[in-house]
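Peer 1: Each chain, written out:
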Amino acid sequence: MASDRRRVVVTGIGPVTPVGIGVDRFWPSLVNGESGVGKLEAFDPSPFTSRIAAEVHDFRPEDYMEPPDTRRMDRFAQFAVASARLALGDAGLEVSAIEPSRVGVVIGTGIGGITAFEREMEVLRERGPSRVSPHLVAMMIPNMAAGQVAMRLGLTGPNDSTTTACAASGHAIARGVDLIRSGAADVMLAGGTESAMSPLTLAGFCATRALSTRNDDPEGASRPFDAGRDGFVLGEGATVLVLEALEGAVARGARIYAEVAGYGLSADAHHETAPHPEGDGAVLAMQAALRDSGVEPEDVAYINAHGTSTSLGDIAEIAAIKRVFGDHARRLAVSSTKSMTGHLVGAAGSTEAAATALAIANGVLPPTINQEEPDPQCDLDVVPNTAREADVEVAMSNSFGFGGQNASLVLRRVAA
Amino acid sequence: MSGDEIRETVSSMLVEQFKVDPAKIEPDATFKTMGLDSLDLVSLAMALEDRMGIELPDRELVGIENFGQAVELIEQKVPA
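For the protein sequence lines, the chains are A and D, in the order given. So for the first sequence, my numbering puts the first residue at 1; every next one is plus one. So for the second sequence, my numbering puts the first residue at 417; every next one is plus one.
Chain A with its partners taken away, still in its complex shape:
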């Protein structure tokens, strides 16, 4: 770790999630072990094998943008704009008070504007090419979330998007950290967004056999590490973080949740959707994150796992944690907040980085809910069912995407 490198801290969090919009609702839900999963309501799910989802029910786009602008955006971009505004508000940063070219945006998404794509596909089939919306392209391209955040907020710094599936917002935060470290920006709005609640996406995920079919028990469906788990629950939402150079945050007297001490990226180079069975790629990402942060494995007290609640994925991640941390794996805590939020795909990494930063700031570990029967292959301390107070100096957040693309982040408390 270069000692003269700029340090990057999290000063604002803007969750738009199935367990709450805004930090004041998101964090208590996690601490109280509340599930955001229910019967899928976005469309009629009756023909599908999985009919449950973690949806954002109380989202009103007009609360965050002008009504004429809402119709230019697919829901994933609306979430991103709302989340960015919430994050800036949480950070106490007024856009008018900062030089806009020093503020950048990196928003990841796994899928992009698929609901607009699917709607216009129907238009094409039924009414022909002359009736396809002129807004389609701008609504479906995955980079538009970051573009819309810049447009709506007037931010002219580096603007980018990452599309590494379920790891997209882990990569977005890594990119944001890089842009601050290099001096290209002083503040980065970094995170992810997803709203792929469409029949085609659901059918595709159902076909991979990766989704839970515990349809008669939605709140119990996402049960990472539990022996009764049967797949992940498709979720939607966004979380944008305000990342700032430490010196700038200190100078303006900002509240600092945690430092993003470092990150590690890797590839499984193994299979399109299945994780490497021994977690090879996950091991490399976690090791790289530790190296980049300059922390020892024994320093890590808590890992917010990728933990999607699939049979293979959870086993591979636990195996990887044991390989990286050795005997210390038995002493640290590993929880999956996906047990409550569902799997937010491109928004998972940043939502979980937010949970990790809040765990450090509040000294509380969010639980893995729905733990009834331990899986002998997932035999670490998964903070079962109930949150726990803990003094956490250093924590890690893992994100592993379809495509075998992995991102691990290390977050660290900043002395007040």
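Keep in mind that a hint or two might mislead.
To be verified - Taking beta-carbon pairs under 8 Å as the criterion, some of the chain D residues facing chain A (in silico):
{"#": "1", "residue": "F434"}
{"#": "2", "residue": "K435"}
{"#": "3", "residue": "V436"}
{"#": "4", "residue": "P438"}
{"#": "5", "residue": "L455"}
{"#": "6", "residue": "M462"}
Unchecked claim - When the alpha-carbon atoms are kept at most 25 Å apart in a straight line, the in silico SDA-like pairs for lysine to any residue are as follows:
{"#": "7", "chain 1": "D", "residue 1": "K448", "chain 2": "D", "residue 2": "Q492"}
{"#": "8", "chain 1": "D", "residue 1": "K440", "chain 2": "A", "residue 2": "R152"}
{"#": "9", "chain 1": "D", "residue 1": "K493", "chain 2": "A", "residue 2": "P134"}
Calculated directly from the structure, the hints in this document are not laboratory data. Built from N, CA and C at the ideal position, the CB exists for glycine as well.
Could you slot chain D onto chain A? The hints should help.
Peer 2: Frame of chain A; chain D shown alone:
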């Protein structure tokens, strides 16, 4: 369809489909001030073609910048 009916129809489309504030819709109000960009105008022309059963080729839309001009163009196409 009378001029008033056309005005009423276009106006309700602007409010419902394009979320325009009804107070901003006046004969000489430009689409720009109503928050519509060039892509929205393509969208509006498509919707008007469907609703009115008329054709609005791109070349005839050149120079149509405000509500009154649009109503006038449609009046020429729709049987009274």
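Peer 1: For every hint, state whether the structure bears it out.
Peer 2: Okay, the hints, checked on the actual structure:
1. About 6 Å separates the beta-carbon of D/F434 from the nearest beta-carbon of chain A, less than 8 Å, and the hint is met.
2. Because the beta carbon of D/K435 sits about 4 Å from the nearest beta carbon in chain A, less than 8 Å, this interface hint is met.
3. Interface hint at D/V436: satisfied, since its Cβ lies 7 Å from the closest Cβ of chain A, which is below the 8 Å cut-off.
4. The beta carbon of D/P438 is not positioned within 8 Å of any beta carbon in chain A (closest approach about 12 Å), and the interface hint is therefore violated.
5. Taking 8 Å as the C-beta contact cut-off toward chain A, the hint placing D/L455 at the interface holds, the least distance being around 4 Å.
6. The interface hint given for D/M462 is met, as the beta carbon of that residue sits about 6 Å from the closest beta carbon of chain A, less than 8 Å.
7. Only pairs whose Cα atoms come within 25 Å are accepted, and D/K448 paired with D/Q492 is accepted, the gap being roughly 23 Å.
8. About 21 Å separates the Cα atoms of D/K440 and A/R152, which keeps this hinted pair within 25 Å; it holds.
9. In summary, the hint linking D/K493 to A/P134 is supported, as the alpha carbons are separated by about 24 Å, within the 25 Å threshold.
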